[in-house]
Amino acid sequence: MSTLTFHEVSVRYGAHTVLHEVSLEVGAGRTVGLVGESGCGKSTLARAAVGLAPVTSGAILLDGRPVPSRGRRPVQMVFQDPYSSLDPRMTVGDSIAEAMPGRPGRMERQTEIARLLGLVHLDAARAGDLPGQLSGGQRQRVALARALAARPRVILADEITSALDVSVQGAVLNLIRDMRRDLGLSMLFISHNLAVVRYVADHVAVLHAGRIVEHGPTARVLGDPRHDYTRHLLASAHPLKEHT
Amino acid sequence: MRAALRRPVGLAGVVLLVLVLAAAVFGPVVWGDRATAVDTADLLAGPSAEHWIGTDNLGRDLFARVLVAARLSILLALAATAISMVLGFLLGAAPMLAGRRLGRLITAAVNVLVAFPGLLLVLFFAVVFGVGARGAALAVGLAGAPAFARLCHTLIAGISERDYVAAARIAGVGRVRMLLRHVLPNIAEPVIVYATMAAGGVLLTFAGLSFLGLGVQAPDYDWGRLMQDGLNGIYIHPLAALGPGIAVVLAGLAFNLTGEAFASAPRRAHVLPKAGQPAPATAPAAGSVLSADDLRVTIPGPNGPIHAVRGVTFAVGDGEAVGVVGESGSGKSVTALAVAGLLEPPVRVEAAHLVVAGEDLLAPGAHRRLGTALAVVFQDPMTSFNPAHRVGPQLAEVSRFHQGMGRKAAFARAVDRLNAVRIGDPARRARQYPFEFSGGMRQRAMIGMGLMGDPRLIVADEPTTALDVTVQRQVLELLADVRRETGAALLLISHDVSVVTDVCDRVLVMYAGRVVEELPAKDLRTLARHPYTRALVAAVPDMETDLDRPLAVIPGLPVDPVETPAGCAFAPRCPLADDHCRTVAPPLLDGVACHKAGEAP
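Line by line, the protein sequences are chains A and B.
Numbering of the first sequence is given in this note's numbering, commencing with residue 1 and proceeding in unit increments.
Numbering of the second sequence is given in this note's numbering, commencing with residue 1001 and proceeding in unit increments.
If you are wondering where the hints come from, they were derived from the structure by calculation, not from laboratory data.
Where a beta carbon is used, it is the ideal one built from N, C-alpha and C, also for glycine.
To list a few chain A residues with every Cβ distance to chain B over 12 Å, as calculated: (1) S2; (2) T5; (3) S23; (4) L24; (5) R109; (6) R211; (7) E214.
Only some residues are given here: those of chain B computed to face chain A with a beta carbon under 7 Å: (8) A1171; (9) E1327; (10) M1543; (11) P1550.
From just these sequences and the hints, can you work out the full model?
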């Protein structure tokens, strides 16, 4: 269990500033939800933490030390689109094994793959399948297993349920909650869906135009929003009954 | 592979290639002696029964020499292609291997080199490396590298955008391993096709070099060399020069046709089995703007016909809003496309009747006659406008085409309609291009396009799925307002239960190509009787979901639409299912298609 801290992180592409001095802490064993509309910089924040987006100023620290941006990252990321996040020509087992630390022997690797697939509620026999043989929900679980294979201290989940069907979304959300309970993972859970964030996160941060406008415990932020933008988001998430 | 062989071009190419390669492998073994046998009695002879294309200045059989020369010609061509390929791949992968700055420099250099005429490069390198087979192979190989590098660079750039490359990088996979395990396998196919075609060109270049005396030197000989030898007597014995020339043409064709066939191997067209007897036509429901009876849509697929919609009967009353919910593969979008008349052969649409705004959609030309009575809004606002035209004229086109309005009047109407869908400053916006609109604004403009005429039915297929929550709400409100103002009916397709319940009066729940339940929207959350509907509603967390309990999930996977079961399609995932459910498909009775309707799980 570790703490991931974003300290006044700015990301700029040319003249375009995506993130303005964002400060955010993902506490040990906590799930922090990050909400906001598309283009507000949610994904960029996660990508910056694993070295996929260049940090212009500020620091991203893991337990007080900078997150390494080379080699196997102690912070792992799960992507939105399960159809693009697995190599179509690599079996499920190979994809997972690739992220494992050290050089495990054959037997050790097989056992570990089976254990990880079990963690995400997949049959160990799936290890020999290619991603093309799996459904979207199953692929997303494999992506999660791959992230876990690297023995991460923090997981970044970037809109991991938005490409999935609703019945599958429920299963993946349950899995996220189980994993937090059983493995004590620290997680940054990014989503535009407030109901989903409400269900999995204990803290929420609201990102608007590259700035965090509000953050706090989920129940407080969603129950008693203080910033206008949060109220605006909440109003949109509630059904518009007056029209029917 | 098989698809390529099925076409005459592919078959001809592969047969030719096999013959050429066979000549290269066995030529020197079989005809080697004949090709070197000197016959001073028969110098520079013309074609005869014994020497098919004559003899050379030492009386050696030219036909045998052409066959023997195949090996050297092909080997040199393949070697040069291999040099181009390896070098090109390394140069193309430079941004990945050497880091961003050096990579950019190399890419720029490659771009400059690609602009040089290939022949100029070949001659330049041939002079640098010196005359001879090895020099020529290096020259041709190096000269071909920039084109390969450009191709690899483009392909690799496409692959490195993919999330799995990002995931591998985060997992600590090194550059070389990344290239070999993730990039190479995923670009191999197009690169090999290109290489096959390039080999044909290289063969020709080699023949040219040898012909000019820069390539293979005596006593070795390839086809180019033989052509040069035969040139002296071209007016006396033309075949002596033409023979090796024909060999070059055939070998070049073999490579090119094979590559071409693989590059453009068409997806096999799948054919549907013949349609059965059409069901006897029925009359549309009274007072409806849309009426469908026993609608079936079958799509040809690789593993047999896909039964996307399997007998759906429903009607939408005048001014009514009906929602269709279901997960991917339930057939909801295909139903929408069928209703909008947008499905064309080879997709087969059958129904006892399918009538929209009084037009029979099963009759030919119905879509045109329908005119502006039907408006359609699609999911992706990025692709529903032509990016090369301004928004206003695109809207105006509808009125010019369907209502015969003049350019000015149509444009004025477009501005008016943009105003009606609450786009601020519509006169200025109408002169903008689609990319200048945000996603939500584009979706509103799309609805505005539907309002150019006087729609009686709006079919909206996932109109808010690609939009942000805040914008989603605006678009839904707009749809509700438009209905109130124009009295148009709405068929709203969505995977999102809450979107449908917000906007619609009545909801159809689809599963595996059938309607499993039909009920008033306000009852969806509380009074649903089908186990699938209940599970679907329970699986979606909302702002009131109990945080202490796990979310409801639907175990198992949807049925394969190719092999639709005899019984209820939901039975394998249903907690209530028994043997009766698995063998007898429940009909839609009293708004629900379930043998166990209403039973508690």
